[in-house]
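Undergrad: Listed below are the residues making up each chain.
4 protein chains.
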Amino acid sequence: MTKFAMIGAGRIAATHARSFQDIDEAELIIVADPFAEAAQRIAAKTGAKASSDALGAIRNPDVEAVLICSPTATHVDLIRAAVDAGKAVLCEKPVDLDLGLASQLEASVPKDARVMMGFNRRFDPSFAQVNARVQKGELGKLEQVVVISRDPAPQSPEYVKTSGGIFKDMTIHDFDMVRFFLPDIVEVEAMGQNVIDPALIELEDFDGVMVTLRSASGAMATIINSRRAVFGYDQRLEVFGERGMLQAHNQLPTSVRSYGADHAEQTETYLHFFLQRYREAYACELKAFVDTLNGGGSFSPSLSDGVAALRLAVAAMQSARSGRRVEVASV
Amino acid sequence: MTKFAMIGAGRIAATHARSFQDIDEAELIIVADPFAEAAQRIAAKTGAKASSDALGAIRNPDVEAVLICSPTATHVDLIRAAVDAGKAVLCEKPVDLDLGLASQLEASVPKDARVMMGFNRRFDPSFAQVNARVQKGELGKLEQVVVISRDPAPQSPEYVKTSGGIFKDMTIHDFDMVRFFLPDIVEVEAMGQNVIDPALIELEDFDGVMVTLRSASGAMATIINSRRAVFGYDQRLEVFGERGMLQAHNQLPTSVRSYGADHAEQTETYLHFFLQRYREAYACELKAFVDTLNGGGSFSPSLSDGVAALRLAVAAMQSARSGRRVEVASV
Amino acid sequence: MTKFAMIGAGRIAATHARSFQDIDEAELIIVADPFAEAAQRIAAKTGAKASSDALGAIRNPDVEAVLICSPTATHVDLIRAAVDAGKAVLCEKPVDLDLGLASQLEASVPKDARVMMGFNRRFDPSFAQVNARVQKGELGKLEQVVVISRDPAPQSPEYVKTSGGIFKDMTIHDFDMVRFFLPDIVEVEAMGQNVIDPALIELEDFDGVMVTLRSASGAMATIINSRRAVFGYDQRLEVFGERGMLQAHNQLPTSVRSYGADHAEQTETYLHFFLQRYREAYACELKAFVDTLNGGGSFSPSLSDGVAALRLAVAAMQSARSGRRVEVASV
Amino acid sequence: MTKFAMIGAGRIAATHARSFQDIDEAELIIVADPFAEAAQRIAAKTGAKASSDALGAIRNPDVEAVLICSPTATHVDLIRAAVDAGKAVLCEKPVDLDLGLASQLEASVPKDARVMMGFNRRFDPSFAQVNARVQKGELGKLEQVVVISRDPAPQSPEYVKTSGGIFKDMTIHDFDMVRFFLPDIVEVEAMGQNVIDPALIELEDFDGVMVTLRSASGAMATIINSRRAVFGYDQRLEVFGERGMLQAHNQLPTSVRSYGADHAEQTETYLHFFLQRYREAYACELKAFVDTLNGGGSFSPSLSDGVAALRLAVAAMQSARSGRRVEVASV
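Protein chains in written order, with this note's numbering: chain A, 1 to 331; chain B, 1 to 331; chain C, 1 to 331; chain D, 1 to 331.
Read the hints as simulated data drawn from the structure, not as lab findings. Possibly wrong hints are sitting among the right ones.
Dumping the calculated DMTMM-like pairs for lysine to aspartate or glutamate here, alpha-carbon to alpha-carbon at most 25 angstroms [stated by the list, open to error]: (1) LYS136(A) <-> GLU25(C); (2) LYS45(C) <-> ASP84(A); (3) LYS136(A) <-> ASP262(D); (4) LYS3(D) <-> GLU280(D).
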């Protein structure tokens with residue numbers, strides 16, 4: 001029974017707390033958040049102890065693993081503290097908004113540090129199944145990956161000011177999804193647009209982007225993003241190879257279809273946002289982390305995967321601004 | 001090059017006339033209809049000769065095959081005339097509205113008479129493929145057949161007065177579709193409803209029916225009919241067996257799907273009615289008739305198939321009125 | 001916070017126990033089962049007390065509501081005991097296998113007894129939504145209901161010996177689903193088949209049935225059942241009316257579709273069986289029960305709904321054996 | 001009744017010849033091809049006269065409109081000859097493989113020359129409907145266009161040697177499709193890959209490309225191409241805007257879906273190639289040309305549209321080779 005401390009008690013923390021209910025091999029014993037009420041709210045439902053002392057929680061000798069759900073700016077320090085304390089870590093993405101800091105962390109932790117990054121979409125049952133079937137060779141040689149990812153409604157300009165911008169707060173998930181299939185991306189080309197909220201122009205950010213990536217294998221990938229899709233959270237994957245194609249389609253709240261005088265086969269709009277759409281993914285992610293802790297093997301996605309996705313975000317912004325294809329190795 | 005006379009120059013005749021364009025082995029040389037203008041309209045587009053003399057057309061020594069598209073009441077006499085003249089016949093369904101007359105005809109024509117009944121749906125590429133795959137054993141033993149068949153808009157009471165009623169004018173296609181898979185139906189159970197047009201009650205007809213049929217093999221079938229489906233012509237087939245299921249779904253005018261703030265994956269309504277939905281089926285039917293003429297083999301669906309479907313219609317009406325299961329052999 | 005006793009600690013009990021985790025207004029305090037180990041297993045996960053004394057649990061003064069998940073033969077007595085003790089009851093279906101006993105119970109409990117029957121499918125989010133939209137009038141007048149319900153794999157003959165047979169153990173869910181839309185069924189017509197397991201013939205049971213029902217409103221319904229569908233648990237609903245149609249389709253484990261040299265748009269087989277397919281329905285059912293307890297209103301589906309579904313099962317068997325349409329009022 | 005000469009008697013010519021059957025207002029009177037047998041084969045089925053003299057056919061005083069289906073290298077001269085002779089022209093794409101020659105032609109023909117380019121996909125009923133709905137404002141402001149277009153099997157290196165390469169022989173259709181929605185493309189970014197046939201590397205061509213385009217409106221588009229898709233001809237369109245999305249999906253030969261022990265909802269592979277997939281589009285294109293001839297209005301897509309698509313092909317190749325975003329105006 002692995003004992004966990006959770007750092008942070010916000011929305012995603014609450015989702016993780018729920019997931020512990022279904023994992024026999026893990027127990028949440030401390031929830032630490034400077035905002036005491038939030039920590040206590042989660043503690044009350046789980047039997048964990050609430051605390052306002054993150055480092056204390058990490059260093060608590062009963063704690064074997066640390067789940068980091070605190071703001072991005074704290075990730076590097078908390079990962080380092082946990083690794084230094086000999087604890088296993090599952091940290092929400094991104095590692096940091098600054099590629100330099102993230103790379104330093106990567107360089108400085110021991111090779112065998114037990115760190116996993118919370119790219120939860122890799123654990124979505126549909127995306128995970130596509131990946132597993134590709135790994136088994138069902139498609140033969142992989143040739144093209146298409147990721148379409150659109151948010152249901154735009155974030156506020158305030159959010160964007162601190163999020164690092166669309167490539168670092170939104171596309172980063174898609175960069176990781178591309179790397180799930182094509183880990184060795186060598187070139188990036190990106191174009192951005194401002195068609196939704198003019199406020200982003202001043203922030204030098206985009207509200208839609210299209211990114212093309214090339215893998216060392218010769219395969220290519222495209223990512224299509226928009227900050228707004230009125231029909232719901234649009235999350236699709238298409239993996240195409242010499243022997244066929246696998247797709248993961250959008251997911252519907254129910255299986256109801258309606259037919260009337262002016263339409264047929266109509267569904268509801270899609271699940272609204274990531275906490276609904278990826279609820280099962282969060283649970284599977286935590287389970288995978290616990291299974292790796294207990295069963296051995298390397299943690300995946302790793303800290304390096306976290307840094308690599310961030311590097312693609314930086315490369316994409318360079319390309320979008322310069323109009324040139326960017327070599328990833330040069331970033 | 002088989003030379004055809006076509007008797008009748010109405011809507012379905014025009015459809016058949018079109019199909020000749022794609023069949024290299026057949027030529028339409030006479031179109032006969034008492035309404036001269038209709039015959040001439042088709043003749044003008046095809047190079048056929050217009051005539052008002054059906055029997056003359058049938059007996060014309062150049063004519064080798066006769067396509068009967070005239071009103072139902074003329075079918076028995078015209079089939080007999082064509083068979084007597086040694087001509088091959090493709091006759092629109094039904095054989096007749098009167099089971100006695102139809103049975104007499106069946107009994108009186110030679111066993112080797114070349115007569116095919118125009119149950120066009122057997123030649124619809126989707127239904128035909130389902131049947132071919134079932135014949136090849138893809139589903140193992142056949143267990144259940146479900147036919148859902150709803151018209152887009154109700155016929156007028158005037159039509160119903162002469163059509164023979166829902167079982168003989170509408171369900172008869174579905175009886176034949178069931179028999180395409182389960183030719184040996186032994187029992188019929190039917191229930192009818194009047195929910196659309198009260199005028200039908202006086203005519204002792206229904207505007208919706210549900211029919212259950214049992215095959216000698218043990219398999220069962222259900223037919224679901226309605227005279228009105230506001231979302232278009234609803235034509236579905238489900239064939240279920242020990243090793244799986246095959247379905248033929250409805251067909252859409254285009255492949256367009258729309259997504260908006262209150263819906264997703266929405267299509268247009270279905271193709272409106274049988275001339276659109278089964279256009280390709282009519283062409284394939286004529287081709288199959290010509291191929292059998294030239295290549296040999298037995299004509300299918302045969303005159304006996306036509307009589308058998310009519311017998312099921314009579315049995316279903318008996319059951320719907322009596323509330324008892326009806327043995328087909330007793331009808 | 002409503003305090004619950006749960007009677008029975010089998011498979012469905014475990015599912016219900018899980019659902020308590022998500023309902024803030026309810027708490028499971030006792031699990032009673034003669035098989036102590038089963039009760040303890042659930043108790044350990046929930047903080048409830050294990051017991052082997054069902055009546056004691058029901059009568060425990062702390063207990064306000066009773067969840068009955070014990071074998072069918074105990075339902076009548078346990079419902080009566082709980083009602084007598086003034087407790088609210090949520091009881092798994094069916095009320096009993098014997099229509100007489102069930103009717104006696106119905107007649108003998110007070111009109112305002114707080115009893116809800118566990119027809120969980122009414123709470124499936126898809127079926128529930130179809131019903132809600134029909135109630136709001138989206139389809140206009142309801143005309144036809146089609147329920148297709150096939151189990152993934154046949155039950156053993158041993159199960160069937162005590163289950164009451166296909167109409168009482170399987171179709172009963174579909175009878176209730178039809179009554180969800182058409183509560184006032186007046187006539188039933190049924191046909192059964194034996195195409196899977198000949199052992200059922202001796203037991204005078206069927207492995208596939210087709211049932212047609214007529215509502216007092218004039219609407220009709222069809223139920224299609226099979227004990228075996230190799231492609232998974234086949235659970236579909238189609239509700240058809242004057243202004244359109246609503247369907248609830250089957251549900252897939254993931255949204256993955258595959259494309260290869262010999263196929264396209266292929267999905268996995270369906271969720272295997274009811275604990276997977278209706279997991280969310282069980283949770284919503286318990287929530288609805290708790291909400292009615294706290295918020296008032298009548299419990300639905302009621303004990304009378306339970307008896308009504310059983311009556312349709314009896315009527316259907318009479319019809320299947322006699323070949324006659326059966327008036328429900330006569331049963 | 002507009003009288004047509006058709007120049008060229010190959011595969012597409014045969015398709016066009018068929019389409020005349022359904023157009024009452026047009027008549028094919030001459031088919032000219034240096035390969036006499038091909039011309040005669042089409043003539044025999046249509047009643048047209050066969051000829052080997054293209055210019056003679058164009059200048060024949062009875063001919064009012066010319067349908068050019070001859071090899072690409074002849075297009076410029078034949079268009080010019082027809083325009084000079086005062087005839088209306090429907091010419092297969094592309095205008096030419098050389099942007100300079102095509103631009104010269106564009107510059108030299110009178111503004112009111114009646115020339116339409118055969119970008120047949122604009123007339124596909126699905127794509128045409130998406131466009132019509134977008135024009136009506138259904139999506140509000142257009143933001144993103146995604147075109148996925150994959151051939152079922154690679155062309156031979158021999159074909160590629162004379163075709164102008166993937167951008168000019170394949171992507172050109174997709175450039176025109178993007179321009180159907182976003183006519184004013186200002187920037188192009190492209191990446192190419194060689195993953196299928198290494199022979200193309202020597203020819204400096206690609207077998208897969210991904211192209212990103214920016215419109216003056218701020219909207220962006222992506223084109224995804226591959227020379228091989230084992231599951232059939234993959235032709236999809238997605239148009240995304242502020243108020244929703246419209247998609248045109250792939251099209252299936254039949255509506256059959258199969259279910260078995262290891263799969264569900266499986267379809268056949270897609271229609272194999274363009275003559276099947278776009279058969280209806282060819283017919284609608286010819287009809288649109290005839291309707292414009294008779295009804296007035298400007299011919300669309302125009303000769304300028306043909307040149308514009310070619311310009312995008314040139315820009316894309318520049319970008320793919322240089323790794324830089326290319327301004328269309330600079331090409």
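Undergrad: Hint by hint, say whether it matches the structure.
TA: Each hint, compared with the structure:
At roughly 47 angstroms between alpha-carbon atoms, LYS136(A) and GLU25(C) are farther apart than 25 angstroms, so this suggested pair is violated. For the suggested pair LYS45(C) and ASP84(A), the alpha carbons sit about 35 angstroms apart, so the restraint of at most 25 angstroms is broken. This hinted pair checks out: LYS136(A) and ASP262(D) have alpha carbons roughly 17 angstroms apart, not beyond 25 angstroms. For the given pair, LYS3(D) sits about 22 angstroms from GLU280(D) by alpha-carbon distance, which is consistent with the 25 angstroms threshold.
The structure fails to meet hints 1, 2 from the earlier list, while all remaining hints are met.
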